[in-house]
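Input sequences plus hints: build the corresponding full structure.
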Amino acid sequence: MVFAAKVSEVPEFGKKLVQVEGQAVLLVKTKGVVYACESECPHQG
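Heads up, the working numbering is the position in the sequence shown plus 224, with the first residue counted as 1.
Hints were generated in silico from the structure; no laboratory data involved.
Where hints are given, some of them may not hold.
To be verified - Capping the alpha-carbon separation at 20 Å, the derived lysine to aspartate or glutamate pairs in EDC-like fashion look like this:
#1 K240 to E264
#2 K240 to E262
#3 K253 to E264
#4 K239 to E262
#5 K253 to E233
#6 K255 to E233
#7 K253 to E236
#8 K239 to E264
#9 K230 to E262
#10 K230 to E245
#11 K255 to E236
Stated by the list, open to error - The following label-pair restraints were derived from C-beta to C-beta distances:
#12 G256 to M225: 14 to 24 Å
#13 G256 to F227: 13 to 23 Å
#14 H267 to S232: 27 to 37 Å
#15 M225 to S263: 15 to 25 Å
#16 A229 to E264: 10 to 20 Å
#17 K230 to H267: 27 to 37 Å
#18 C261 to K230: 30 to 40 Å
#19 P266 to V244: 15 to 25 Å
#20 S263 to F237: 14 to 24 Å
#21 E264 to G238: 17 to 27 Å
#22 E264 to V226: 15 to 25 Å
#23 K239 to H267: 25 to 35 Å
#24 K255 to A228: 16 to 26 Å
Where a beta carbon is used, it is the ideal one built from N, C-alpha and C, also for glycine.
Now the structure itself:
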């Protein structure tokens with residue numbers, strides 16, 4: 225597990241793009257829970 229951002233830095237029902245170990249990671253927060261995913265669409269690149 226690595227630190228990406230403070231929970232308070234991700235807006236509720238919003239998103240924040242961060243760099244983690246050289247990779248772009250998209251953080252999204254819904255109902256107080258933060259989820260992380262790749263920032264590129266696997267279908268469109």
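Evaluation of the provided hints:
Straight-line distance between C-alpha atoms of K240 and E264 comes to about 14 Å, which keeps the hinted pair within the 20 Å bound. For the proposed pair K240 and E262, the alpha carbon gap of about 12 Å is at most 20 Å, so the pair holds. The hinted pair formed by K253 and E264 meets the criterion: a straight-line CA distance of about 18 Å does not exceed 20 Å. Using a Cα cut-off of 20 Å, the hinted pair K239 and E262 holds, with the two alpha carbons roughly 12 Å apart.
With a CA separation close to 10 Å, the supplied pair K253 and E233 stays within the 20 Å bound. Restraint check for K255 and E233: satisfied, since their Cα atoms lie roughly 14 Å apart, inside the 20 Å limit. Straight-line distance between C-alpha atoms of K253 and E236 comes to about 5 Å, which keeps the hinted pair within the 20 Å bound. For the hint pairing K239 with E264, the CA-to-CA distance comes to about 14 Å; that is within 20 Å, so the pair holds.
About 18 Å separates the Cα atoms of K230 and E262, which keeps this hinted pair within 20 Å; it holds. Distance hint between K230 and E245 is fulfilled; the C-alpha atoms sit about 16 Å from each other, no more than 20 Å. Simply put, K255 and E236 have alpha-carbon atoms about 7 Å apart, close enough for the 20 Å limit, and the pair holds. The given range of 14 to 24 Å is respected by G256 and M225, whose C-beta atoms sit roughly 19 Å from each other.
Remark: the range hint 13 to 23 Å for G256 to F227 is upheld by a beta-carbon distance near 18 Å. Between H267 and S232 the CB atoms are about 32 Å apart, so this pair conforms to the stated range of 27 to 37 Å. Evaluation of the 15 to 25 Å hint for M225 and S263 yields a pass: the beta carbon distance comes to about 19 Å. Range check, A229 to E264: Cβ separation about 19 Å, and the 10 to 20 Å hint holds.
A hinted range of 27 to 37 Å holds for the C-beta pair K230 and H267, which are about 31 Å apart. Distance hint check: the CB atoms of C261 and K230 are about 18 Å apart, inconsistent with the given range 30 to 40 Å. Checking the proposed 15 to 25 Å range against P266 and V244 shows it holds: the Cβ atoms sit about 18 Å from each other. At roughly 18 Å, the beta carbons of S263 and F237 sit within the given window of 14 to 24 Å.
With their beta carbons about 19 Å apart, E264 and G238 fall inside the hinted range of 17 to 27 Å. For the hinted restraint 15 to 25 Å between E264 and V226, the CB-CB distance of approximately 19 Å keeps it satisfied. Look at K239 against H267: about 19 Å separates their beta carbons, and that is not inside 25 to 35 Å. In this structure, K255 and A228 meet the distance hint of 16 to 26 Å, their C-beta atoms being roughly 19 Å apart.
This entry does not satisfy hints 18 and 23, going by the numbered hints stated previously.
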